[in-house]
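S.K.: The residues making up each chain are set out below.
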Amino acid sequence: MTTYYTKDHEYVRVEGDTGIVGITDYAQSQLGDVVFVELPEVGKAVKAGGEAAVVESVKAASDVYAPVSGEVVAVNDGLPDSPATINEDPEGQGWFMKIRLADKGELAGLMDEAAYKAMIGA
Amino acid sequence: MAEPAAGDLKYTPLDAWHVAQGARMVPFAGYSMPVQYKDGILTEHLWTRAHAGLFDVSHMGQCFVHSDSWEKTAAALEALVPADILNLKPGQQRYSQLLGADGGILDDLMITRSAYEGHEGWAYLVVNAGCKDADYAHIAAHLPAGVSLRVEADLALIALQGPEAVEVIATMVPAIRDVPFMNYHAAQLDGIWLHISRSGYTGEDGVEISIPAKDVVAFCDRLLQDPRVRPIGLGARDSLRLEAGLCLYGHDIDTTTSPIEADLKWSIQKRRREQGGFPGAERIRRELAEGPTRLRVGLLPEGRQPAREGVEIMAEGRRIGTVTSGGFGPSVNGPVAMGYVEAAFAKPGTPVSLIVRGKELPARIAPMPFVPHRYFR
Chain A
5 MTTYYTKDHE
15 YVRVEGDTGI
25 VGITDYAQSQ
35 LGDVVFVELP
45 EVGKAVKAGG
55 EAAVVESVKA
65 ASDVYAPVSG
75 EVVAVNDGLP
85 DSPATINEDP
95 EGQGWFMKIR
105 LADKGELAGL
115 MDEAAYKAMI
125 GA
Chain B
198 MAEPAAGDLK
208 YTPLDAWHVA
218 QGARMVPFAG
228 YSMPVQYKDG
238 ILTEHLWTRA
248 HAGLFDVSHM
258 GQCFVHSDSW
268 EKTAAALEAL
278 VPADILNLKP
288 GQQRYSQLLG
298 ADGGILDDLM
308 ITRSAYEGHE
318 GWAYLVVNAG
328 CKDADYAHIA
338 AHLPAGVSLR
348 VEADLALIAL
358 QGPEAVEVIA
368 TMVPAIRDVP
378 FMNYHAAQLD
388 GIWLHISRSG
398 YTGEDGVEIS
408 IPAKDVVAFC
418 DRLLQDPRVR
428 PIGLGARDSL
438 RLEAGLCLYG
448 HDIDTTTSPI
458 EADLKWSIQK
468 RRREQGGFPG
478 AERIRRELAE
488 GPTRLRVGLL
498 PEGRQPAREG
508 VEIMAEGRRI
518 GTVTSGGFGP
528 SVNGPVAMGY
538 VEAAFAKPGT
548 PVSLIVRGKE
558 LPARIAPMPF
568 VPHRYFR
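Sequence lines, in order, name chains A and B. Residue numbers for the first sequence, in this note's numbering: 5 to 126. Residue numbers for the second sequence, in this note's numbering: 198 to 574.
Pulled out of the complex, with its shape left as it was, chain A reads as follows (with noise of 0.2 Å):
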C-alpha cells in the first residue's frame, strides 16, 4: 500500500488495482471548515487531472481533481451529510472515492510522500 500526491493536494492510496481518494491535511487546512462536497456517480470515468468531485469551506469552492484515470466503484456515502469529516480526518475517515486504476503508469508521474512534504514545506 503506497500513497502518492498531486500537486493540486489530492491523495491516492493504491490497494492491489484501486485507488482511494481525497485531499490532503494540507489541503484541509488551507480550505477552512467544509462544509459542502459533491462526490461523482458510481460507475463514472474519471481522468487523471479532470474534475472529480467539489468541495466547499465556509469561504470558496474547489474543484477536486482526480489523480489517477479510471472507473469510480465507491464513494464515501456520509461526507455530504458530515463534511466536517473533511477537516477532521482527512487522509482516514473522510476519503471522497475509490478509483478502479486504468493506467499504473500514471502512479509514476505523481510525488511520493517526501516529495509531497518537501512541496508544503512540512
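Read the hints as simulated data drawn from the structure, not as lab findings. Only true hints are included.
Here are the simulated DSBU-like cross-link-like pairs (lysine-lysine), alpha carbons at most 30 Å apart as the crow flies: (1) 11(A) x 108(A); (2) 269(B) x 467(B); (3) 235(B) x 11(A); (4) 121(A) x 11(A); (5) 207(B) x 235(B); (6) 102(A) x 121(A); (7) 556(B) x 48(A); (8) 51(A) x 108(A); (9) 556(B) x 51(A); (10) 235(B) x 121(A); (11) 286(B) x 269(B); (12) 556(B) x 102(A); (13) 556(B) x 544(B); (14) 11(A) x 556(B); (15) 462(B) x 269(B); (16) 286(B) x 467(B); (17) 411(B) x 235(B); (18) 462(B) x 286(B).
These figures come from a predicted structure and were not determined experimentally.
Given chain A, work out where chain B should sit, using these hints.
M.R.: Frame of chain A; chain B shown alone:
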C-alpha cells in the same frame, strides 16, 4: 478590486498582535488583515453569536466634518447623503450613503452627531477602507465655506460584538449598559479616551470603539483577558453580516445601485424623502413613488451547496438577476445569499433557480435578516 502586491500593503496598529494571536493574514482593501485565527471561520462565527467577538476594523476611515454650528455641518452633510442629519440628537448615530449625482452609491457610512462639549458643530464619520481616499476627496470638494474635513490617521477602531459584548465593556465602563443602539458614549479609562458606539456589523448587540492607535494593543490585550472574548477575523465578519442581511460595499451596493434598489429605504427619513435636496433625489423619489425595477433580496438555496457572488438567478426560463453575496451561514446551518432580482420576482417565497457550476440549484426568495437582529433599543 485588484489587490496590491504585498509591498504596497498597509498595516493596522494591531498587525503584530494579530500574528501573535495566530491569525492568517490576507490582503483586503489595501491592508494586511486577519481572515481568521486558529479557531477558524465557523467557530469564530458561532462564538460571536454566543459570546463576544473582537474585531480589528482599524482599516476603516475615521474623520470629522465640522463647523461652528450643528445646523451648518448638518446642511453640508445633507447635500451629500439622503439621511436626516439635522435632527440627529447629540450622541446619536445614523447609517447613510454618499450618493453620486445619479443616485448611485459611492460608499456607505456611519454619521454621528458629537455630544462633546465645545464640539457642537462636529460630526464623526466612519467610511469603508476601500473607498476612504475617494470619499475624503469627494467630501472635501463639496463642503461649503466654513465647514471643514478632518481626517484622523492616528485612531484605531475595534468592534466587540455578541450577546456578552456589552457586559464585557461594562466591567470597565458601566454606563455603556444604558446606551441604546446607534448612540455613543465617551469614556476615559486609565487616561485613555474611548469613543464607544452601540453599533456593529453582525446583527448582534455590541459596540465599536474608536481609540488612539498607540493605546489599542494594550486595550485589546485587556479585553482578551476576559474569557468571553475571542479575536474574530474578516471571514466570520463576512458570514455574520451576510446572515444579518447587511450590505458589503463593492458587492451588494456600488455606484450602479440606488439606496431604494438596495432595499435601504428605511435609511432615508421622511423629511428627506419629501424635501429631496441630496444627489440623485430625482431618481430616488421616482423609485420611491413607482417602485424600483430591481430590488436586493435574500435567497435561500435548497440543500447545502452555497451560491456565491456572480451566480445567475433564473426564473421562468430566463435570467432575472445576480447573486451579489453568498456563502454558508454557520448559524443558519445552511447556505444563504443575497442579490438583485427584477422587482416582479422580489416577493419572499418566490421560487427561483441559481446556476451554480453549470447546474440549476433550486432556491427561494427569502426575507432578511436570515438571523434575527438582537440590537439593544
